[in-house]
Amino acid sequence: MTDLTSFSAAELAGLVARGESSAVEVTQAHLDRISAVDDRVHAFLHVDTEGALDAAREVDSRRAAGEPLGPLAGVPVAVKDVLTTKGIPTTAGSKILADWRPPYDSTIVRRLRAAGTVMLGKTNMDEFAMGSSTEYSAFGPTHNPWDLSRIPGGSGGGSSAALAAYETPLSIGSDTGGSIRQPGAVTGTVGVKPTYGGTSRYGLIAFSSSLDTPGPCARTVLDAALLHEAIGGHDPLDSTSIPAPVPDVVAAARLGASGDLTGVRLGVVREFAGEGAEPGVLAAFRAAVETLTKLGAEVVEVSCPHFQYALPAYYLIAPSECSSNLARFDGVRFGLRVGDDGTRSLEEVMSATREAGFGPEVKRRVMLGTYALSSGYYDAYYGQAQKVRTLISRDFTTAFDQVDALISPTTPFVAFPVGARTADPYQMYLADLFTIPSNLYGGPGISVPCGLADGLPVGLQVMAPTMADDRMYRVAAALESAVGPFTPPAL
Amino acid sequence: MTTTLPAYDEVVARYEPVIGLETHVELGTNTKMFCGCPTDFGGAPNTRVCPVCLGLPGSLPVANRAAVEATIRIGLALNCSIAQWCRFARKNYYYPDMPKNYQISQYDEPLCVDGYLDVEVNGEPVRISIERVHMEEDTGKTLHVGGATGRIHGATESLVDYNRAGIPLVEIVTKPIPGAGAMAPEVARAYVTELRDVLRSLGVSDVRMEEGSLRCDVNTSLNLPGEQWGTRTETKNVNSLRSVERAVRSEMIRQASVLAAGGRITQETRHFHEDTGDTTSGRSKETATDYRYFPEPDLVPIAPDPTWVAELKAALPELPRLHRRRLQQEWGLSDLDMQSILNAGAVELIEATIAAGTTPTAARKWWLGELSRRANETGAELADIGATPEQVAELQGLVDAGKLTDKLARTVLEHVVAGEGSPAKIMADRNLEVVSDTGALTAAVDEAIAANPAIADKVRGGKVAAAGALVGAVMKTTRGQADAKTVRELILERLGVQG
Chain A
6 MTDLTSFSAA ELAGLVARGE SSAVEVTQAH LDRISAVDDR VHAFLHVDTE GALDAAREVD
66 SRRAAGEPLG PLAGVPVAVK DVLTTKGIPT TAGSKILADW RPPYDSTIVR RLRAAGTVML
126 GKTNMDEFAM GSSTEYSAFG PTHNPWDLSR IPGGSGGGSS AALAAYETPL SIGSDTGGSI
186 RQPGAVTGTV GVKPTYGGTS RYGLIAFSSS LDTPGPCART VLDAALLHEA IGGHDPLDST
246 SIPAPVPDVV AAARLGASGD LTGVRLGVVR EFAGEGAEPG VLAAFRAAVE TLTKLGAEVV
306 EVSCPHFQYA LPAYYLIAPS ECSSNLARFD GVRFGLRVGD DGTRSLEEVM SATREAGFGP
366 EVKRRVMLGT YALSSGYYDA YYGQAQKVRT LISRDFTTAF DQVDALISPT TPFVAFPVGA
426 RTADPYQMYL ADLFTIPSNL YGGPGISVPC GLADGLPVGL QVMAPTMADD RMYRVAAALE
486 SAVGPFTPPA L
Chain B
36 MTTTLPAYDE VVARYEPVIG LETHVELGTN TKMFCGCPTD FGGAPNTRVC PVCLGLPGSL
96 PVANRAAVEA TIRIGLALNC SIAQWCRFAR KNYYYPDMPK NYQISQYDEP LCVDGYLDVE
156 VNGEPVRISI ERVHMEEDTG KTLHVGGATG RIHGATESLV DYNRAGIPLV EIVTKPIPGA
216 GAMAPEVARA YVTELRDVLR SLGVSDVRME EGSLRCDVNT SLNLPGEQWG TRTETKNVNS
276 LRSVERAVRS EMIRQASVLA AGGRITQETR HFHEDTGDTT SGRSKETATD YRYFPEPDLV
336 PIAPDPTWVA ELKAALPELP RLHRRRLQQE WGLSDLDMQS ILNAGAVELI EATIAAGTTP
396 TAARKWWLGE LSRRANETGA ELADIGATPE QVAELQGLVD AGKLTDKLAR TVLEHVVAGE
456 GSPAKIMADR NLEVVSDTGA LTAAVDEAIA ANPAIADKVR GGKVAAAGAL VGAVMKTTRG
516 QADAKTVREL ILERLGVQG
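Residue numbers (this note's numbering), protein chains in the order written: chain A, 6 to 496; chain B, 36 to 534.
Chain A extracted, bound-state conformation (with noise of 0.2 Å):
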């Protein structure tokens, strides 16, 4: 590929900056792709060929005028549609926002903006972000460009696959469990969870408070760093945003690309280096653990005994803060109402909207959590899983008193087959076998391409300290530099 799509962000700002593509090209070029493969990989909801156009022409006056332009001015940008776009369509991937303009902006939105991204539209994802594959969107599933009949991951499939069909250059995801790693595994390319708190939630539309934490995807390390960078910091709109600069992430990038990892000590997670992965999973993680050592790097197994409790604890917490986050949707202010004709009561409205509105994933998760959180259970379930998150918190930082970061697979499976794992959701929930831990303890971690395992992409998880982002960015950098870039075949 020789058109502007195959560039790094990295690449597109340059030749911006430089004048030798304008921004209006670089957009042109991928809204022409969104076009051309869109209708058989759907990663978006919404295209917004006309505010992506007039934000290019905006950095291009910029630029004309001699007006300083930001590290990402003219590039294109995805965002995954739980986060709130003023007067663009914003849907959680939810039938009961289906219409729902919302009247304000996110921070990471407006921070995108401000740093003269250019928005190209909104990305498919798992309702409400609950799920591993795409496939609870009410809008349909999102296809793995690397295999169509494939999952891209979930929740947040669609900014992911948008990267890997070179539908965009950068997309905007959010973890609560793992949906931006996973995703970013199964499809090859970059995606960071930001420690909790180094990125904001104003406008992301909540799953599960103590959990959600937006962040980058993108195909390259130093292209997502560039990204968190451009959105993350405090934000006095979030009380839980820390109050301490970014990490410098693009440094760290840029050091890591060196292929240097002298000095460094890594800990493999006992837990998660046997059992629980696909074969050729786990083959592909320890080649990755080859090359790290041969990059310098010393590796080191080390115990998180608590890990084998996250699943079942971030299955009582995420639900339960769920079941509270989402019972603002009952059709009275804003979004779907049904049986509203002056035959029913109020409750009788709400209770059709919540049942015509919200899938079953939704429904399901919604109803553990009210059990979880009911007098006279809160204590055993949502108190216990509480008390599991505080040991799990404490393995990581026993962990990092020896190493300075933990890796281990990002997910046990590669890309798995549409319709393959809906029926039980105990085998979707899986999916986030390894990715959960670190959002139980609020620290970051990174998805990075290692390896492929029959022809798919397979991640390997970076997991390092709370903001101490840098140091995941430096070790992923160092593994691109020495076995990427994995190119999935042409659509």
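What the hints contain is simulated information worked out from the structure, not anything from laboratory work.
Note that the structure is a prediction, hence the values are computed from the model and not measured.
Note that beta-carbon positions come from the ideal geometry of N, C-alpha and C, so glycine has one too.
A couple of the hints might just be wrong.
Heads up, simulated DSS-like pairs for lysine-lysine below, C-alpha to C-alpha not over 27 Å straight-line [stated by the list, open to error]:
1) B:K460 / B:K442
2) B:K520 / B:K438
3) B:K126 / A:K392
4) B:K511 / A:K368
Here are the in silico distance ranges between beta carbons for each label pair [what the hints assert, rightly or not]:
5) B:K176 / A:D8: 54 to 60 Å
6) A:G92 / B:H59: 35 to 41 Å
7) A:K392 / B:E246: 44 to 50 Å
8) B:S116 / A:T403: 31 to 37 Å
For chain A, the structure is supplied; the task is to place chain B on it using the hints.
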């Protein structure tokens, strides 16, 4: 109801009441609890709203530091311990005036705990134990239209105004108050009154019960002496101090009547009716709503810096009870005199009047006399009567300067209350000043003497008392604007008689 209610005396002779009060106070912060919307009362519906207080998807709360500060100050004024670390919690239930279908409140980790408030009931000190003081957000208001009653039944439409949603509320909960006996209604009233005064002295709320910025729920139960406490009911919609007292009394009588008939009390919410003075059943709490409380994950815990708390404590104003004691001494009043000022709700008005430059005696005279009489007649609160302490002080100044007689001053005050402006302006506009110009007065006296030669002769002949008729004549020609004593002296002087 067909049963005859027992007399209150019989109720308290047989049963012992236990009461408890939950008071909600709207804080007077400039902005809402979790967003930057203004908090002013009123405003066209749904104009003081934003994504946060409308609970739009994606929006997040951020705690208002001024509200946290006000809550800590309330806690300190009520002798509470201030938590070193506490969290907000979500109270989950569906109601259309709750934008998120959960209320951000505090549950098992309130900001202030274990305090007390000393009140006086008929001159006797009573200590009310405070269980907790916590923060929460107010809900919107639902308006049911199309029906006759304004209630949901029979209404054709329900409209919701979210202007109030997110206004900071503080909930102050007492521990159960046993042992008040027949005085339980008065104790309840004294507590709410004292609490209101404390809150007002802190400047944290305008504490207007009629506008709902101070709202009170009254818990009442009865038990036979020596037995366990009875089942309690929670009476809502108690919107004045007088209603607090009436609500307790009427609920005691109602419960006694149920118990005497062999019935049992249902744990329920009851609504107080201002017009009839009784309560009716609201929703039953027997199938209690499960609010599924859990720590609010959108807000970081509150950990007030102990130094800050100490500073707030040191800066607390003098609390009303101590303040009143000091004023009573300064003003040289008997307990009875002070009590009458308290009953009239005139302490602050008199204090401000004195501060504006008049004596305690004069200030008390105006507020408890003429102005209280007018307030009683019109049913207005003394503070809303239309005269300010500054105006009253100015009026007294005019009396002291001899420009107004007492009678003229009362006339001027009437016009002040009618909103015609300052006493001096009214005096000038309406030409009400005492005629003190000796020349003009002498002319009037001479005129009266000339017009009444027979009376003048009597006076000259030593019948000094007859001068009264001449004084009357002069007062008539000067339209009451002369000082009667001065006129009398002048008449005697002109007639060459020693007074």
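* Asked: Does the structure break any of the earlier hints, and which numbers would those be?
  -> 4
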